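S.K.: From first to last, the protein sequence lines stand for chains U and W.
Numbering of the first sequence is given in my numbering, commencing with residue 1 and proceeding in unit increments.
Numbering of the second sequence is given in my numbering, commencing with residue 1 and proceeding in unit increments.
By construction, these hints were calculated from the structure, which means they are not laboratory data.
Remember, predicted model here, so these are calculated numbers, not experimental data.
Any given hint might turn out to be false.
Listed next, the in silico DSSO-like pairs over lysine-lysine satisfying Cα-Cα at most 30 Å (straight line) [said to hold, decoys possible]:
{"#": "1", "chain 1": "W", "residue 1": "Lys425", "chain 2": "U", "residue 2": "Lys150"}
{"#": "2", "chain 1": "U", "residue 1": "Lys133", "chain 2": "W", "residue 2": "Lys227"}
{"#": "3", "chain 1": "U", "residue 1": "Lys150", "chain 2": "W", "residue 2": "Lys317"}
{"#": "4", "chain 1": "U", "residue 1": "Lys71", "chain 2": "W", "residue 2": "Lys317"}
{"#": "5", "chain 1": "W", "residue 1": "Lys425", "chain 2": "U", "residue 2": "Lys71"}
{"#": "6", "chain 1": "U", "residue 1": "Lys150", "chain 2": "W", "residue 2": "Lys227"}
{"#": "7", "chain 1": "U", "residue 1": "Lys103", "chain 2": "W", "residue 2": "Lys227"}
{"#": "8", "chain 1": "U", "residue 1": "Lys13", "chain 2": "W", "residue 2": "Lys425"}
{"#": "9", "chain 1": "U", "residue 1": "Lys176", "chain 2": "U", "residue 2": "Lys150"}
{"#": "10", "chain 1": "W", "residue 1": "Lys317", "chain 2": "U", "residue 2": "Lys133"}
{"#": "11", "chain 1": "W", "residue 1": "Lys21", "chain 2": "U", "residue 2": "Lys13"}
{"#": "12", "chain 1": "W", "residue 1": "Lys227", "chain 2": "U", "residue 2": "Lys71"}
Just the calculated beta-carbon pair ranges, DEER-fashion [stated by the list, open to error]:
{"#": "13", "chain 1": "W", "residue 1": "Leu16", "chain 2": "U", "residue 2": "Ser220", "range": "44 to 52 Å"}
{"#": "14", "chain 1": "U", "residue 1": "Lys174", "chain 2": "W", "residue 2": "Leu429", "range": "31 to 39 Å"}
{"#": "15", "chain 1": "U", "residue 1": "Gly37", "chain 2": "W", "residue 2": "Trp202", "range": "41 to 49 Å"}
Now the stretches of chain W that chain U is said to cover, found in silico as 3 or more residues with beta-carbon under 8 Å [unchecked claim]:
{"#": "16", "stretch": "233–242"}
{"#": "17", "stretch": "324–336"}
Just so it is clear, CB atoms sit at the ideal spot from N, CA and C, and this is done for glycine as well.
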Amino acid sequence: MIIVNNVTKTYGKTIALNNVNFKFDNSHVIAIMGENGAGKTTLLKIITGILPFDNGTILIDGYSIITDSIKAREQIGYLPEMPEMYERLTGREFLYYIASLRKLNDAENKIYEITKMIGIYDFLDSEIGSYSKGMKQKISMTSAIMHNPKNLLLDEPVYGLDPLTSKAIQDFIKNKKGTTVIATHSTQLVEKIADLVYIIMRGKVIHFNNVESLVSRYGSIEEAYFQIKDVVNV
Amino acid sequence: MFETTIIVLTENTRNLLKKVKETPVLYFIFSGMTIFSIIIFSFATYFIINIETNLQISLEDMFFTIFFIFMLKSIADFHNNYIKSIPLSYTLSTQKNQKRIVFEIFVAVLIIQLIIWFSFSVMYLVTLTIFRVNVYYPYEYLLFTLGVIAAVFIGFSICINFFSPYKYRLIPSIILLGFYFQGRHPLYIVLTLPLAVLHMIWSIQSSMPSYLFSKRKERMKERSQVKMRGVIRAIFYRETTVLWRDRLLISFIITSISTGIFTGYFYVYGDEILIPEYLRETMSGFLPSMFLYLSIFIVVMYTAVFPSLNLFLNEEKTMWLVRHVPIRNDLFVFGKTSALSLCFLTAIPVIPYISMVPLGIKYVGKKSDIILLYSVAMLLFLILGSISFLRFIINRVFEYPIFIYAIILLIEILILYISLKVSSKMLALNYNLNRQNT
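Produce the entire structure from the sequences given, and follow the hints as far as they go.
M.R.: Below, the structure written as structure tokens:
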């Protein structure tokens, strides 16, 4: 469970998140939608402890990201939108490196299972610098889920992936236990796998509902997104 | 016309301005160091002109030094602006002739080198004028300028062909360089400038394969080294792997050994080579000590300061990894620093870490690369100077200075430990929360 309470984040004079509140319950896939620069990526980075914030509290399974940072980060798996990794390591070396930092048991089997599932296994012995964007995404995805985290935060998880891998990832997310938060622009992805959706605009939550009721009311998530945004703009 | 040249120049200028804004103190120190270096260099020139020594620095030597420096700088600039450039793929995908684009990048790099050459040479000449040295050598200045231009042409050819799948294309440039070295006279280089131009034109013809080759190259590695490790060992292994694959470890070792040999040579024969006979009695021992000190400085800078600063500067884009995994910051700092254990083999090993690691962390994400490194070099110069003075005092005052050195080393290690602890604190995110709400 992730609780975000009255969090504010500013970059200089720009307010990226303005006193936002979220409660991401267990056993839910939560989608966060919003236009470019709305604050989606900032929110995920703040929850994972990558960025500091100016005000508020964040609890990951009861652990504060500030005072119990290590415990909180143990409960998290994170996939960034643009995964930058160590280019001179091979994919396998990188995954073992992260597994070592996370003190993972049975890393070999887990890496094998996940990399087979998402179709990167055969390329594990090439340097990351020679990977395509999609391949980097797959390696980063493996590092995010190999410790089976209770809370998974994914920034555009299927962006740049081939359809087969995208389907495998979606199935994985749907069947996963615990909390999964996805920041995405893809309304189809939200419809397929999310239970709840938050729409944020200029650092504020403008709407929150479950996906089923939005689809039954507006016909589709895409339509719901446009109409809700229009109402707020007016 | 020359859109790419303008874009490359604009980007380079804006990057520089951005870095100046982000780290003004560093750039202030760097400017100070540049001026200081030019004054020292001018003073050395004045010294060589006015005092009779066995050391002969000819015009040819200076010419070749400048030629070589600008050639290396051109290679680095072409690598950054062409071979390694990511945004260039957009330009290359337009309907504009790709060879023309490469030529425009060449023009941009040539302009950059000429700006550097003119600004530094003018500063040098002005300083010499202040020392009342005659600087009216228009013919020589023209030769030097043409030499810089030739260096850019050759640098371009070397860079393009070094990254080409057909490495044998480097041979003509190497042969030409060999002739330059054999010919020695600046006029020879200037006269063969048309040959360097031909090399450049020929290299432009084969520039695209080099670009594509560097982008697509597959680098397979054996998996035998892959296994689970403890946190510090995992970080140590990652750092040394990267240092090894970037060929930096080899470079550190070679630099240490070659500087050691030169130092030894100057320590033994320095008096004979550098000091005129009539001064030898009064100045004996001074220059060898100075050379020893300078060599230690160079080795420490290259094998300890540069890598320990870069430990964290190179993490710039991968900080998300460091920050989201559940490990303590001090383990991370210790792991990284331990990867530089090679540097402990070099002279005065502990000192650089004490200040470099926290500095590297302070500037993570504001990568000021070379400027930061050279500014630190200046500070370290002062620190090492104080240490050698301290050493002089200790040797004079104490009968058994080895004990004093042992105590100093222990103190250094203690300070190093504190420095690493401070570094790990600095690495932590700084939450300036408005209220007590954690």
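S.K.: Each hint should be assessed against the structure and marked as holding or not.
M.R.: Hints versus structure:
With a CA separation close to 28 Å, the supplied pair Lys425 of chain W and Lys150 of chain U stays within the 30 Å bound. For the proposed pair Lys133 of chain U and Lys227 of chain W, the alpha carbon gap of about 26 Å is at most 30 Å, so the pair holds. With a C-alpha separation of about 26 Å, the suggested pairing of Lys150 of chain U with Lys317 of chain W holds against the 30 Å cut-off. A hinted pair counts as satisfied when its Cα atoms are at most 30 Å apart, and Lys71 of chain U with Lys317 of chain W qualifies at roughly 24 Å.
A hinted pair counts as satisfied when its Cα atoms are at most 30 Å apart, and Lys425 of chain W with Lys71 of chain U qualifies at roughly 18 Å. The suggested pairing of Lys150 of chain U with Lys227 of chain W holds, with an alpha-carbon distance near 25 Å, which does not exceed 30 Å. Between Lys103 of chain U and Lys227 of chain W the CA atoms are separated by roughly 12 Å; this keeps the pair inside 30 Å, and the hint holds. Between Lys13 of chain U and Lys425 of chain W, the direct Cα distance comes to roughly 27 Å. Compliance with the 30 Å bound is thereby established for this hinted pair.
With a C-alpha separation of about 9 Å, the suggested pair Lys176 of chain U and Lys150 of chain U falls inside the 30 Å cut-off, and the hint holds. For the proposed pair Lys317 of chain W and Lys133 of chain U, the alpha carbon gap of about 16 Å is at most 30 Å, so the pair holds. Among the hinted pairs, Lys21 of chain W with Lys13 of chain U is consistent with the structure: their alpha-carbon atoms are about 17 Å apart, no more than 30 Å. Among the hinted pairs, Lys227 of chain W with Lys71 of chain U is consistent with the structure: their alpha-carbon atoms are about 25 Å apart, no more than 30 Å.
The beta-carbon spacing between Leu16 of chain W and Ser220 of chain U, approximately 49 Å, falls within the hinted interval of 44 to 52 Å. The hinted window of 31 to 39 Å between Lys174 of chain U and Leu429 of chain W holds, with their beta carbons roughly 33 Å apart. For the hinted restraint 41 to 49 Å between Gly37 of chain U and Trp202 of chain W, the CB-CB distance of approximately 48 Å keeps it satisfied. Counting residues of the stretch 233–242 of chain W whose CB lies closer than 8 Å to any CB of chain U gives 7, which reaches the minimum of 3, so the coverage claim holds.
Check result for the stretch 324–336 of chain W against chain U: holds, 5 residues qualifying (beta carbon to beta carbon below 8 Å, three or more required).
When held up to the earlier numbered hints, the structure conflicts with none and fits them all.
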